[in-house]
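Each chain, letter by letter, is given below.
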Amino acid sequence: MPLRTPDVSIAGLGVTEQGKVFGKNAVGFAVEAVARALEDAGLEGKDLDGLLVNPGLTWGPASAMASFAVQQAMGVRDLRLTAAMNLGGATAGAMIMQAALAIEAGLATTVACVFSDAPLAPPKRDGSGGSASSSAYSQAGDLPAAYGQYGVNALYALVTQRHMHRFGTTQDHLGAIAVAQRAFARGNPLAQLRDTPLSLEDYHASRWVVEPFHLLDCCLVSNGGVAVIVTSAERARDLRRPPVRLLGMGQGHPGGDPLETLSSGAGLASRTAFAMAGLTLEDIAFCELYDCYTFTVLVTLEDYGFCEKGEGGPFVADGRTGPGGSLPVNTGGGQLSSYYMWGMTPVSEAILQLRGEGGARQLERLGPCLVSGNGGILSTHSCLILDQEP
Amino acid sequence: MSERVAVAKPLPRITPELEPFFAAARNHELVVQRCRSCGQLRFPAREVCPKCWSTEREWTPVSGRGEVFSFYWMHQKYHPAFADELPYAVVVVQLEEGPRMATNVLGCSHDELRIGMPVEVTFEERSPEITLPQFRPAAR
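Protein chains in written order, with our numbering: chain Z, 1 to 390; chain B, 1 to 140.
So here's chain B without its partners, still in its complex pose (with noise of 0.2 Å):
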């Protein structure tokens, strides 16, 4: 399942600690980073491990299921490209696994977006370099 965006929002810079996220969200399927000592997961990606300060660190899939934590509505505009969206909904998702991510919850209106509300991944071709993960409604 993916959605094209016509117009050219700002596309994320390919770093190297960021591109297996990025192969991985190419071929539609959510990674977050843990940490080879302590098996801790986490993002957005860091060198260390915050809990056991290792550097030791792979990519893993999660289920791409989770909630949403927190939102708000952007009202204001900073970036052009989002300007015909306004207000458009930014949202913080717990993952089931245990992270929590920046994304956006794609097809939900202002009366519909709550917090708690169950949400499952989906992806968003920007480039043909960048695929964005991305939420959706999901059932309960």
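Bound conformation, chain Z alone (with noise of 0.2 Å):
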């Protein structure tokens, strides 16, 4: 079968209050992150006709029925759609496809997709609290807990490690994408980091967490929720917001050892949406790229073809991804200087951009943005194309 894209856009975003918001949980982010979608689009919860959820870590029991969760939660009636989709990271993508072929196939009209979660605590009143997300990841009682091996950002220690081993990446090349995120974030008022300035030596003073990653090569752990509206091209063209036009999506799921590999399924996925859409890296304008670890954006963009294999490193440190450079990369901040809301940070950038409401941090020069999803450790991929309405 010939790829084809489906008719469809992006006609609304929800975005609630990010990082230490307290007084909601996870379902409560996710009810807010729709209706202010809807508002976004001028549409009403009447109007929803499919609901798809991807429940973060803090759902527990209720991640199996998310999205009936949510619908009982927001009064919802007769939705011909639903599903709780997880796929990590790269569930975000993968919502907005499973919404772009129900619509496409006449399934539904009109689908909420949103993610939400409530890691962080509250402080106490002695002033402690924090976050609920390392004991999420520890698995007490498996043997690599007797090692000592606790939480995901080891893993990801380990394909980094070999990374730099094999092709020579180094710390600086890890800050330099760190320091170009947080000059982008410094323009984002939603961004958690917005008020504090990075430089590459303020990246190497910050405390190791799992060498070879500083604290700042790890992404937040944020409160709160986002949701996108998805309809058709026709529709979105009349409703409140400039419609984002869905252009090409594919996804990859690699498989095998990622220390082997070094690699995530950037490639597989990519080679899908380019051909869908009918385009090349060369017509990418930006990129907003999954970023749960600074390695995460290195390794992406080596997989997506921006450099060889490898090259990563040198291809980010000197500035070409941040603010004026020639691939600007994660222009809110992404998930390690703004909010940390799985795929749905890096869809939420460029859904902000494509409209032009990037205020302080708008890219000058749009075009069609590259938008990514990772899971696990490298394990799934989303890749989408989104442009502005042609």
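Rather than coming from a laboratory, the hints here were simulated on the basis of the structure.
Check each hint, because a few of them may be wrong.
Derived DSBU-like pairs: lysine-lysine, alpha-carbon spacing no greater than 35 Å straight-line [stated by the list, open to error]: (1) Z:Lys46 <-> Z:Lys24; (2) Z:Lys24 <-> Z:Lys124; (3) B:Lys9 <-> Z:Lys124; (4) Z:Lys20 <-> B:Lys9; (5) Z:Lys309 <-> B:Lys51; (6) Z:Lys124 <-> B:Lys77; (7) Z:Lys20 <-> Z:Lys46; (8) B:Lys77 <-> Z:Lys24; (9) Z:Lys124 <-> Z:Lys20; (10) Z:Lys20 <-> B:Lys77; (11) B:Lys9 <-> B:Lys77.
Covered stretches of chain Z, going by a simulated chain B footprint (3 or more residues, C-beta under 8 Å) [to be verified]: (12) 142-150; (13) 155-163; (14) 208-219.
C-beta: ideal position from N, C-alpha, C; glycine also.
Both chains come to you apart, so use the hints to assemble them.
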């Protein structure tokens, strides 16, 4: 079968307050994000006939029926499409693909896709408090824990160490990504770290978490939710906001051992997406790349083919991906500096840029945007190519 | 050769799947899983062979020789029993026979530890039931 682009657009975006925001659980943030996305599009709850939900870590047992939980919480009736979906950080892209396919097939007309999570606990009276996310990854009783192996940071650190050994990637290279993204975050009112400038020296001075990762190699932790409304391109043109058109999409899930491949599924996913869009890498104006770690950005740039495999370090070292660079990447600060909403972070920033709502960080040169999602340890990958309405 | 550790570090559960692994370790022998259908060696333990999908499996001794394939230095406290050792290294050892295991390399400083470093198995008695295979630097 030849690839065919579904005739759909993203017509609404809802982003809740992000970061240390309390008073709602994950379902509550999901409801607020969907409500904001509907309002953004000029739609109401009764206009929805599809709801896809990516439950974050703190949904717990509610994960399995997450879309029903949100439907009931919103009092929405007669949906024709729902699902809880989870392929980690690739889910946001995969939900938008699912929505596009359903709309193209006539199964639904207006689909909300939402991610939410609430891993941060409110501060206690004694001033302590913090994140529940580390415990969510720990598995007491497993063999690795007996050796002191805890958390997902460690698993990415192993891959990064291999990449450094094999290709000569350096701490300066990783730091260049953190610095470039922070420079963008300074212009993003929603960014959790917008008020803190970052130099390469500051990066090196930040504490080690899991060496070779400094604290500033690792994404933030955020409470909040992000939702988008996907509908037909024709209908989107009549709604409140400038539509963001879906030009291409693809997934790639490589399997095998990332310590050996040192690669994500970006290559496989993007071959499908570019073929569908009828575009090439040279057509891409900017990128919003999944950045659980600085290293994830570096490896994704390699795997999309912006540089040779192993050359990601030198590629980012000269500020090319930062403000004013030839290939802007993560123009709102990404998950390293703005907010950690899994794959919805890059999706949300792509939409804001393509609608011209980037404020102080707005890119002058727009055009097709490459949006990635990445889950597990380079295990799952989604790729979207988005652009303004032609 | 064994090193006894006084701090109460977390003990792995002896699941039915891993019972032979821990029984061998108590005898200071390192074993990995082998598919009885295609002969592929594997670790960690799995119910199904990812190569031929057979569920027929057994445990087989390996040399205990290998090299450091990757590693990290953990600076963050996740479990109190490791707090005094921060930063400590967790190492993925590539065994001569093929499988890789997450482990520690005992008696190896920050400056010494590097990818490609030859290592050999040793054993750490954590409790009467649990002896953990560990690794230490080996002469080339």
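What are the numbers of the hints the structure violates, in ascending order?
-> Nothing - there is no hint that the structure violates, so all of them hold.
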